[in-house]
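Participant: Residue numbers (our numbering), protein chains in the order written: chain A, 1 to 112; chain B, 113 to 225.
Rather than coming from a laboratory, the hints here were simulated on the basis of the structure.
Chain B is faced by these chain A residues, among others (derived, beta-carbon under 10 angstroms):
1. Tyr36
2. Gln45
3. Gly103
None of these values were measured; they are calculated from a predicted model. Each residue gets a CB set at the ideal place from its N, CA and C atoms; glycine is no exception.
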Amino acid sequence: GNSVTQMEGPVTLSEEAFLTINCTYTATGYPSLFWYVQYPGEGLQLLLKATKADDKGSNKGFEATYRKETTSFHLEKGSVQVSDSAVYFCALLYSSASKIIFGSGTRLSIRP
Amino acid sequence: DGGITQSPKYLFRKEGQNVTLSCEQNLNHDAMYWYRQDPGQGLRLIYYSQIVNDFQKGDIAEGYSVSREKKESFPLTVTSAQKNPTAFYLCASVGGRSLGTQYFGPGTRLTVL
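Just chain B, same shape as in the assembly:
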């Protein structure tokens, strides 16, 4: 089945450590997005990529980094510079010209201990 997967589902990190969240899609979509969701709040855009080897900062990129070496993969690294990283992280992809129809992964819940 085609879809978008995120791993792990739950992730625990000690303060000062970098951690990488995985996002993979087999939908052949060009564009991929990373969002952060805090309890009771909406989604905030961290980074997005419209094509391989290219990506742009979203609204809250500080303390995060990404890479897009393959069309299928868009990993997000939460660095030690991110002061409040505990949140629910969602990855999404979009195909074709219908940018509003985003396909979301199941999310990764990151907790800093």
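The shape of chain A in the complex, shown without the other chains:
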């Protein structure tokens, strides 16, 4: 069935470091892919999305490219800030489905 696998956390980086959070998926056909972010004590917010192969989603300095050949949607940011500390969820939506599938989340902590 359809599934999403994220790298396990927590991930701890220093401010201004480069960030990569890996996400791979299993799905038939061409799902849409998403990254959501959850700040402490809050609900999730959509960070970025990509709906077809080779699309790049971007927002707030974060980027992710939909790679069909490697079934991946890795999240990257060139220079992280303390305010980026949160839990990040990769997710997919298969076109004929009515519900989104979330990964298990990756906790990111940024040291000043």
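Using the hints, position chain B against chain A.
Facilitator: Here is chain B on its own, set in the frame of chain A:
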């Protein structure tokens, strides 16, 4: 401002009691969802509703019930049959055809005493 609200933010329940969590949205969205989040884990789908007066079970519906009498409201009842109800509960809504773009409420943290 348009958005999705959940109340209360914190809820305490004694064992054996039913409790209802509120979820309201003024985004005019058709679809609404309830998720459960346990510490250090991802989201698990409890119930969802794509239209008023209709709803479907998600992956972990046992011990929960919902209703969808109005488009704006999708309350979740945690019944005494739910053996481990302590968790963070998130409600979300989706509008139009972009089902992946979910708008989340701030969540309700339920603790069973």
